[in-house]
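**Q** Order-wise, the sequence lines are chains W and F.
First residue of the first sequence? That's 1 in this note's numbering, and the numbers climb one at a time after it.
First residue of the second sequence? That's 1001 in this note's numbering, and the numbers climb one at a time after it.
Rather than coming from a laboratory, the hints here were simulated on the basis of the structure.
Just so you know, even glycine gets a beta-carbon here, dropped at the ideal spot from N, CA and C.
Just so you know, not all the hints are guaranteed correct.
[Unchecked claim] Some chain W residues flagged as far from chain F (calculated, every beta-carbon gap over 12 Å):
(1) Gly32
(2) Lys56
(3) Glu74
(4) Gly88
(5) Ile114
(6) Glu128
(7) Met136
(8) Glu201
(9) Ile203
(10) Leu209
(11) Gly214
(12) Arg262
(13) Gly263
(14) Phe278
[Claimed, not checked] Short, incomplete list of chain F residues facing chain W, as computed with Cβ under 7 Å:
(15) Gly1069
(16) Lys1072
(17) Arg1075
(18) Ile1091
(19) Arg1105
(20) Phe1106
(21) Asn1110
(22) Pro1111
(23) Lys1112
(24) Lys1115
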Amino acid sequence: MKTFIYNIGYFFKEAIRTIKSNVLSNFISVIGTSLILFLLGMVVTVTYIGNEFVSKLEQEAEINAYYKENLNNEDIIELTEVISNIEGVTDARLVDEEEAKSYMEGMLGEEAKILELFDENPFTAYIEVRINLSTMDNVIPEISRLDDIDYVRDNKGVLSQLNGIIRGIEIFGALIIIAVGITTLIIISHLIRQGIYNNKEQINTLRLLGASEGFIGFPYILVGLLLTLLGGLIGTILLLLLINGSYDLLGNGFLFLPLPDRGLMVRYIIMFIMGISFILGLLGSLFGLSSIGKNN
Amino acid sequence: MITANKLSLRYPDGTLALRDIDLHIDKGEMVFITGPSGSGKTSLLKLLLGMEFPTEGSLTIMGKPMVKGHNKDMRNLRRNIGPVFQEFKLIEGRSSLENVMTGMRFLGSNPKKIKEEAYKALVKVGLEDKIKSKVENLSWGQQQRVAIARAVARKPSIILADEPTGNLDKDNALHILSLLKEFKNNNTTVIITTHATHLIEDVQGVTHLHMDNGSITVERKEIVG
Ligand SMILES: Nc1ncnc2c1ncn2[C@@H]1O[C@H](COP(=O)(O)OP(=O)(O)OP(=O)(O)O)[C@@H](O)[C@H]1O
Ligand SMILES: [Mg+2]
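Could you put together the complete structure from these sequences and hints?
**A** Set out below in structure tokens:
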């Protein structure tokens, strides 16, 4: 440990020297790693936004339960009570005709004028039920079965479709992560092996002088780390440019849904990519280093 | 300190480089090994540094048998040895100072101390004006002296010097020999191979081994101070 601390400066100098001794191939590797990590970053971003959407929708998953017309006020209040006690229901409340109308007006915006064509309010009252998305499949039939319920309107189709898309993206993302990981590991470990090969005489001399394998190998671990971190940095910068561009283009919303908070997301993505870069750099160098023992 | 019993070394291609060597070297002894080219001098030093292992017989250094696979023991032994290789094995692209320092970095001293000691060693071998020069730009004789500085700066228990005066003029050679002798006086075991028999005739209190065709043919110990 003492030796390690005493020699940190030396290790960095050696690492930089190794990188400089093969600038072109290191440069190409950094560019390659940057692009790969950029790709990874895009997938992570899309998954992040997708998950954000779904969790927003999950929070807002609501269905409208229309009750039979012959109910009086007390029956309706009791019915609302019954529904709100069903497992998986987070909230149930009555929306009367007036509210239903003003809600529609809100949705229509400018076009709300058409509603003035009606003499009477065309909307009926209903019970707005907020539910936990995961319990949707059980809750909806349960509500429909209630005697006082006429019918239930839900947005189940849209939700499950969206959910499917997100799962798909996640699987795709996982595949991309695996591919990125393997590719980066191959690039880095190859580079390290090359560095070791180029320095094999020096390594042999150090061994003859009694240096430990850790002392000999650490500069190469640094090489791997520096290169992947640099690649990660460039990839992140490219990605941030893309994200900023897209946000400026899309404004604040996309498909009626608000985009996630940019600052939070960017911080998450930077940490993710740099973390992955670090891990891949470390593993790649260790794989590359494992060849070090075989040339003595 | 060093004991060999019926030690033989056969290289994989069948060359029998050392045969049936019996040897005992004490702490603080200075040993000159002479002999014609190909007689096995370098091979003997390789065994002492754990670069080769006995194919027959045994070799014990500082109480530890030299057998393949004891990596930790080998490392510890090597840290106590100051080797001067026949082909120097300096690290190219680095200055003389860096080369000498590299030999000391994993011995537990702090970088400041290492730098001081490395500097002193280079001054001792007469290279103070070449401290910052890259080793590949030095003459053979200068490179050889960097190699010697690297070995002695480590303050080893054993110095193994293969032809350390091979590329030096007489004055420099004598200077290096007296420098190595200083170490002997500090209780360091010093083992030197050389062709320069005329240079060592005058050196007092040393052991002289002559090798021929893998065997030690003459062994003369002088127990003079
Ligand atoms: N790695 C090797 N493989 C096969 N044979 C070898 C090897 N190294 C040395 N030899 C042979 O072993 C014998 C002894 O070689 P060694 O290098 O020990 O001689 P030396 O006494 O140091 O010679 P010189 O004075 O020229 O340095 C020689 O015949 C040499 O060719
Ligand atoms: Mg030799």
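**Q** Hint by hint, say whether it matches the structure.
**A** Structure-based check of each hint:
With a cut of 12 Å on Cβ distances, W:Gly32 stays outside the contact zone with chain F, its closest approach being about 27 Å. Every CB of chain F lies more than 12 Å from the CB of W:Lys56, the least distance being 57 Å, so the non-interface label holds. Interface exclusion of W:Glu74 from chain F stands, the closest Cβ pair being 87 Å apart, more than 12 Å. Every CB of chain F is more than 12 Å from the CB of W:Gly88 (nearest about 64 Å), matching its label as outside the interface.
With a least CB separation of 82 Å from chain F, W:Ile114 remains clear of the 12 Å interface cut-off, as annotated. Against chain F, the non-interface label of W:Glu128 holds: every CB pair exceeds 12 Å, the least being about 73 Å. Chain F leaves W:Met136 outside its interface by the beta-carbon criterion, the shortest separation being 63 Å against a cut-off of 12 Å. Not every C-beta of chain F lies more than 12 Å from that of W:Glu201, the closest at about 7 Å, which undercuts listing it as non-interface.
With a least beta-carbon separation of about 10 Å from chain F, W:Ile203 fails to lie farther than 12 Å from that chain, contradicting its non-interface assignment. The claim that W:Leu209 lies off the interface is violated: its Cβ sits roughly 5 Å from the closest Cβ of chain F, which falls inside the 12 Å cut-off. Look at W:Gly214: its CB is around 9 Å from the nearest CB on chain F, not clear of 12 Å, so calling it non-interface is violated. With a least CB separation of 46 Å from chain F, W:Arg262 remains clear of the 12 Å interface cut-off, as annotated.
With a closest Cβ-Cβ approach of about 43 Å to chain F, W:Gly263 is found to remain outside the 12 Å limit, as its non-interface label requires. Every Cβ of chain F is farther than 12 Å from the Cβ of W:Phe278; the closest lies at roughly 26 Å, confirming the non-interface assignment. Residue-level restraint check for F:Gly1069 is violated (minimum Cβ-Cβ distance to chain W is 12 Å; threshold 7 Å). Against a cut-off of 7 Å between C-beta atoms, the interface hint on F:Lys1072 is violated, since the closest Cβ of chain W lies about 9 Å away.
The restraint placing F:Arg1075 at the interface with chain W holds, with a minimum CB-CB distance near 5 Å, inside the 7 Å limit. For F:Ile1091, the interface hint holds, since its Cβ comes within 7 Å of a Cβ in chain W; the closest pair sits about 5 Å apart. Nearest Cβ of chain W to the Cβ of F:Arg1105: about 5 Å, under the 7 Å cut. The hint holds. Proximity of F:Phe1106 to chain W holds as hinted, the smallest CB-CB distance being about 5 Å (cut-off 7 Å).
Because the closest C-beta pair between F:Asn1110 and chain W is about 5 Å apart, less than 7 Å, the hint holds. The interface hint given for F:Pro1111 holds, since its Cβ lies 6 Å from the closest Cβ of chain W, which is under the 7 Å cut-off. Proximity of F:Lys1112 to chain W is violated relative to the hint, the smallest CB-CB distance being about 9 Å (cut-off 7 Å). Among the interface hints, the one on F:Lys1115 is violated; its C-beta lies about 11 Å from the nearest C-beta in chain W, farther than the 7 Å criterion.
The structure fails to meet hints 8, 9, 10, 11, 15, 16, 23 and 24 from the earlier list, while all remaining hints are met.
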